[in-house]
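So the protein sequences, as listed, match chains A and B. First residue of the first sequence: 1, per our numbering; consecutive thereafter. First residue of the second sequence: 268, per our numbering; consecutive thereafter.
Hint data in this document are derived by calculation from the structure and do not stem from the laboratory. Mixed in with the good hints there might be a few duds.
Said to hold, decoys possible - Facing chain B, a subset of chain A residues (Cβ under 8 Å, in silico):
{"#": "1", "residue": "PRO87"}
{"#": "2", "residue": "LYS90"}
{"#": "3", "residue": "GLN166"}
{"#": "4", "residue": "LEU186"}
As the structure is a prediction and not an experimental result, all values here were calculated from the model. By construction, the Cβ of each residue, glycine as well, lies at the ideal position given by its N, Cα and C atoms.
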Amino acid sequence: MPRTNQTKAWFFRFAAMSTLAVLGVFFAALLVSLAGATTASKFQQVLGRNDVWFAVKLSLFTATLSTTMAVIIALPAAYALSHLDFPGKKLIDTLVDLPIVLSPVALGAALLVFFNTWAGRLIEDNVVTFVFQRPGLVLAQFTVVVALAVRLLKSAFDLVDPRYEQVSRVMGCTPFQAFTRVTLPLARPGILAAVILTWARAVGEFGASVTLAGATGMKTETLPISIYLSFAAADVSKAVAVVFVLVLVSGIALFGVRLLSERVFAK
Amino acid sequence: MIRVERLACAAGKFKLGEITLAIAPREYFALLGPTGCGKTMLLECICGLRNINQGQIVADGKDVTRESPELRGFGYVPQDYVLLPFLTVSENILFPLRVQRKLDADARAHFSALVDILRIGQLLDRKPRHLSGGEKQRVALARALVTRPKLLLLDEPYAAVDMALKKKLWAEMKSIHGRFQTTVLHVTHDLDEALTLSQRAAVLVNGQVEQVGPMGEILDCPATRQVAEFIGMTNVYRGLVAGIDESGGSMTIRWNGWMLRTPLHNRLAPSAEVEFYLRPDKIKPLTTPVKEGTGNTGVILAIFSSVVVQRGGRTLFFKVPNGADAANRDTEDLEVSLSNESSFAPREGEPVSLSVPETAVGVFYRAVHPVAGRRAADCLCLQAGRGQLPGTARADEGGTGETGRGAIGAAEG
Numbered sequence: 001m002p003r004t005n006q007t008k009a010w011f012f013r014f015a016a017m018s019t020l021a022v023l024g025v026f027f028a029a030l031l032v033s034l035a036g037a038t039t040a041s042k043f044q045q046v047l048g049r050n051d052v053w054f055a056v057k058l059s060l061f062t063a064t065l066s067t068t069m070a071v072i073i074a075l076p077a078a079y080a081l082s083h084l085d086f087p088g089k090k091l092i093d094t095l096v097d098l099p100i101v102l103s104p105v106a107l108g109a110a111l112l113v114f115f116n117t118w119a120g121r122l123i124e125d126n127v128v129t130f131v132f133q134r135p136g137l138v139l140a141q142f143t144v145v146v147a148l149a150v151r152l153l154k155s156a157f158d159l160v161d162p163r164y165e166q167v168s169r170v171m172g173c174t175p176f177q178a179f180t181r182v183t184l185p186l187a188r189p190g191i192l193a194a195v196i197l198t199w200a201r202a203v204g205e206f207g208a209s210v211t212l213a214g215a216t217g218m219k220t221e222t223l224p225i226s227i228y229l230s231f232a233a234a235d236v237s238k239a240v241a242v243v244f245v246l247v248l249v250s251g252i253a254l255f256g257v258r259l260l261s262e263r264v265f266a267k
Numbered sequence: 268m269i270r271v272e273r274l275a276c277a278a279g280k281f282k283l284g285e286i287t288l289a290i291a292p293r294e295y296f297a298l299l300g301p302t303g304c305g306k307t308m309l310l311e312c313i314c315g316l317r318n319i320n321q322g323q324i325v326a327d328g329k330d331v332t333r334e335s336p337e338l339r340g341f342g343y344v345p346q347d348y349v350l351l352p353f354l355t356v357s358e359n360i361l362f363p364l365r366v367q368r369k370l371d372a373d374a375r376a377h378f379s380a381l382v383d384i385l386r387i388g389q390l391l392d393r394k395p396r397h398l399s400g401g402e403k404q405r406v407a408l409a410r411a412l413v414t415r416p417k418l419l420l421l422d423e424p425y426a427a428v429d430m431a432l433k434k435k436l437w438a439e440m441k442s443i444h445g446r447f448q449t450t451v452l453h454v455t456h457d458l459d460e461a462l463t464l465s466q467r468a469a470v471l472v473n474g475q476v477e478q479v480g481p482m483g484e485i486l487d488c489p490a491t492r493q494v495a496e497f498i499g500m501t502n503v504y505r506g507l508v509a510g511i512d513e514s515g516g517s518m519t520i521r522w523n524g525w526m527l528r529t530p531l532h533n534r535l536a537p538s539a540e541v542e543f544y545l546r547p548d549k550i551k552p553l554t555t556p557v558k559e560g561t562g563n564t565g566v567i568l569a570i571f572s573s574v575v576v577q578r579g580g581r582t583l584f585f586k587v588p589n590g591a592d593a594a595n596r597d598t599e600d601l602e603v604s605l606s607n608e609s610s611f612a613p614r615e616g617e618p619v620s621l622s623v624p625e626t627a628v629g630v631f632y633r634a635v636h637p638v639a640g641r642r643a644a645d646c647l648c649l650q651a652g653r654g655q656l657p658g659t660a661r662a663d664e665g666g667t668g669e670t671g672r673g674a675i676g677a678a679e680g
């Protein structure tokens, strides 16, 4: 390679790597500054507090419940969007994406407004009370993550060649058998990755939750709400400890997704 | 018996049909055609994977047109085999029996027999990604046969295997068909494959069935220009009926100023325009040259231009000038095939006299309009020396006269 071309290639490589390095330094600086705001002994002490454990348990419970509900709804919906043809498919596909781009606070506000209508009040009075209650956390998380679940699951189904399902029909599968015995196993790694990402997003959900369920300590105090309440009360040590718990949960989830993605592409 | 009647299907701008075919019980039937002619589409219509616009599919006397694919009872080997990657070979083969809840002792015995015949016993615990192309083909075949289907549909199953293995697999397929006597519809674009395996074949071009009959007949006596082009025949021309000798059972065609003799076609009138082909292997160079404009029937003068050497022989390319008018500069291209035994080697630009006997000249019978009140199939085959109706199978071709005639009727329909 001529010398000038070599220099250009080296410069391009350097420019690309530099931006990566800047990003890495930026996030590392954030974590370091967080770590600097507390000490190991304070961290341990905070982790032993009841309100922190309450937030951890409530977050894991509500995120698991809202993710389960979201996946139950999203799985067939994503399959329909991916493998079936029907009128208005593009419009529905676009509508499903709306909650992803909308601010969670807007979604929470929409839910709050809904429960002020006669239909909403009917549900509140006769079925479940959502507003400023723990079920409100689950509903808010569900509303925010269900669209994400549809989008991620659709991507998982898009990776499955419809030929498998077609050929299985000739082999004797009913449409339901073809879905459960062929398409689902083929999409399994993608589905697992989608479930983990949806769950991680539900754990971190704040805007819709705080709008619908409110921010009440030891009642609707999930991990993100706990951070918000801690800062509001100027309890920086608790806020930092909870941030690290969230980072840990998200890190484990993303590592799991990476492992599953490698399995999909190694297939 | 599998019958497809007036089937039509459309996908975008491509239209298939109307297709009418009849496959006899236990028959090995090939569906031939160039890429993009609609072979796979027709197969998917028969399987039930594609909705049809009109027509009927009848299997063993039962109309299955509106039935779901899983209720038709057909076996299917797709071109890419579509083995389930998360199952082992044995689980793949047993999959249709499991979903149909038919995994009894008899089915297991049949599974074992198939495993033995296809020699895949050592592969049973492997996953499909660890199989070669030939092994995948065998596994897909076993999976399709394990339910004892009414009809086995094979979609170019040997397209992904090399020639040496292909021949082995053809032999294996022949023996499997002989043993299980399954009715087979085999889609391929490979003439040798169809010739080796099938008892009869249909040629599909641009979504239309152009010809149905034994492979030997399709190769010897193509019904239309499209069939001729598909089987690689290039010597296709237009001429005029110059004379009819009813007592001698022949007629003369005037082509580019030359006179050629072919068996009599009783539906052609003198001066009628006719489309015909010249078989390159039947044309022979003459040692005695012929003069232009002599009017010798069955002899033409051609200018040698080039040669291509192939396994088993050579193909010589000629330019044929006008035989009646030397001033006419219009020439026709002509190919002549010579075996390796022939030492004939003209120089470029050398005029060569060629003998074109009756056996070398064939008229496309489908291009001729039938006489009122008679079916086209009742008109004689114009391939010289055959003295037989197109579609009527000869004993050595393995079919029956009945099915052959039915097929031509179907093709005309």
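Here is what the structure says about each hint:
Taking 8 Å as the C-beta cut-off, the interface hint given for PRO87(A) is violated, the closest approach to chain B being about 16 Å. Checking LYS90(A) against chain B by beta carbon gives a least distance of about 18 Å; that is not within 8 Å, so the hint is violated. Interface hint status for GLN166(A): upheld, as the beta-carbon distance to the closest one in chain B is roughly 5 Å, under 8 Å. Taken as an interface hint, LEU186(A) checks out: its beta carbon lies about 7 Å from the nearest beta carbon of chain B, inside 8 Å.
The structure fails to meet hints 1, 2 from the earlier list, while all remaining hints are met.
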